[in-house]
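Novice: One letter stands for each residue in the lines below.
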Amino acid sequence: MARKKIILYALILAVTFIAPFAFPNFGTQLATLWLMIIVALTWDMTGGQMGYNSLGNIFFYGTGMYVAALISIGRVYDIGDYTSAAGGGIFEFTDVQYFSGLFLGVISAGIFCSISAVLIGTLTFGLRGPYFAIGTLGVAIAAGELVSNWDWVGGGQGISLPGYPGHPDTGKIFFYFLFAAVGVSVFVFVKWLYGTRFGSAINAIRDDEEKADAMGIHTLRYKLITWAMAAFFVGMAGGISAFQLLHFEPLETAYQTIFLGIFMVVCVLLGGKGTLWGPVIGAILFHLFKEVTWNYFLGWQWVALGALIVVTVVYFQDGVMGWLMHKRPEWFGIKVEEKIARETK
Amino acid sequence: MDQVLSNLSLLVEFPIVNLKIVLDGIMIGALFALAAYGLALVWGVMNVKNLAQGDFVIAGGYVSWWLVQHGFPALLGVPAAFIVMWGIGWVAYKLVISRVIERDLFTSLLATFGLAIMMAQIMNLLFGSDTQSVDLGYDTLYFFDGIVNIPIAKLIGVLMAASLAVGVIIFMKSSRMGQAIRATAQDARAARVMGIDTEKVYAFTFSLNSAICGAAGAIIVMVWVIQPFYGISYAIRAFVIVTAAGLGNLPGVIAAGLGIGVLEQYGAHIFGISYQQAIAVLLLLLVLLIRLIQQQRNRQVLK
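Residue numbers (my numbering), protein chains in the order written: chain A, -12 to 332; chain B, 96 to 398.
I should point out that these hints are in silico values taken from the structure, not numbers from a laboratory.
Quick reminder that beta carbons are idealized off the backbone N, C-alpha and C, glycines included.
Which residues of chain B face chain A? A few of them, derived with a C-beta cut under 10 Å, are:
id : residue
1  : V195
2  : S369
3  : I388
Non-contacting residues of chain B with respect to chain A, defined by C-beta distances greater than 10 Å in every case (computed):
id : residue
4  : K115
5  : G166
6  : T226
7  : R271
8  : T293
9  : G347
10 : A350
Over 10 Å on every C-beta distance to chain B, these chain A residues come out as not near it, computed from the model:
id : residue
11 : K(-8)
12 : I(-7)
13 : P11
14 : V63
15 : D82
16 : W179
17 : H205
18 : W318
Pulled out of the complex, with its shape left as it was, chain A reads as follows:
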């Protein structure tokens, strides 16, 4: 069993390394796939494992974009001058400035998002169930609207960033591996985390928060730490996206509440909530569906995506993993006693 698992993981890592070279035309799509995996896995940390369904995780994505961009620009130029010129070619970045700005920006985006998760969480984690979802959705929408009115950071026009200093194809592979590195770290991290005491504690919060509280678990502290960890990774992913996209604006790219903000939830539901592999499988399926509709249902792709959301939520909420667990319980180490099962029927 253990050897099988090692072979499986080695295979996945090998595919990860080979994919961008094997399909050079799909470099950007593959990078986006990793982005979906990152946001789905981190959404599942609070949504699936802790039972707090956030619709506002996209806030960290957008904030990560802005923090990374502003830090990398602010080290070299005055931000107000830069945004008022809309990056119109006057401002050049040397290679060293670009890469150091990129890494510093992405890391600080993660840290900033963690801190903001703790601040927002202190206010919103008292809300339960759907109120938490609506409250966090409100935070994300409000942030987008406020940023689009803030001229110092580019207002509704957004920010343009310098392109990758090198061949565009190398740039694609570079960003693919950045996303893949974050994605693999998220997976390894949550796999480890769910096996620890901490994982059991947040599962206890999901199952019955009052009882968990009574058992001596500091629920608010656990909730804040979990969200801060999720926000760290989403913020980093947002920071990388900012550099990959070259240009972003607040409402449709950064704080894209009705696009990526809802996609991450659907990915998790499609794959299976509260499981390790569910978000990954869901992200892959969703991304495939999205790319296929993009190419073949021209104009109607958003309607098809909306329909997929409704169908997933209404008819297929247990997701792929839940369905498998029901059909093949032995794969998950669940032993079904044939005799008892027959008797209870």
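Dock chain B against chain A, hints included.
Specialist: Coordinates of chain B only, in the frame set by chain A:
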């Protein structure tokens, strides 16, 4: 910042401007209150939080706009939108809502969010993404040297909204179906035992909600503008109003609706029109936080 201060001082120097803002706010707030009443109805009766509420409003607006484009009189749009949206609401209930009633609240929230995205995109494909409105061609009344202006179209809109609200209230109070709806809201199981077909009541309630929203949208298109993606802000306003007023509290819904209309107009006047959406959402957060603090006072903890 200077802009904000000068806007504030304008309010103090010319008190009459306040009157204009309050009147505008009440006229808009009446329409918010209609959509919020529909939300409270669905929320209270079947415990579904409908995020597609705003898109029903916008769809009703497009029904009316489409009729005017094809040469029908504009005032016909309101009853037409009521009927068409009744049908759309019924279809939405049968396909989606009926399957999420028994599920947890996040499911219905997400399912209606998906529905909202679908409806917005379909309207975008059918009618384009430009803002649209219907011009009734009536005059505008001016008071106080033209500082306070009331377009007659807006007055008609408010009157129609009020009469629709009164009609719905009378229906809920006195008709058999209205009684059945209220009984189901109180205790669905007991209502079933007493011979009420709750499934029918649910379908009726959701269709009625959708029809009310449609009529509100048909009024909005006469006095304001609509656009396929404006829906979500109406849904959020409806949430603010219902969360602030509580379920089953009709005077509260009306007061909160008018209050939010006025607050938003003040915000738009002081901070600029581009902050209007942000103000609506920030009001939501404010209301949620106030509720949270109230509940924390009620929560009893052993220390």
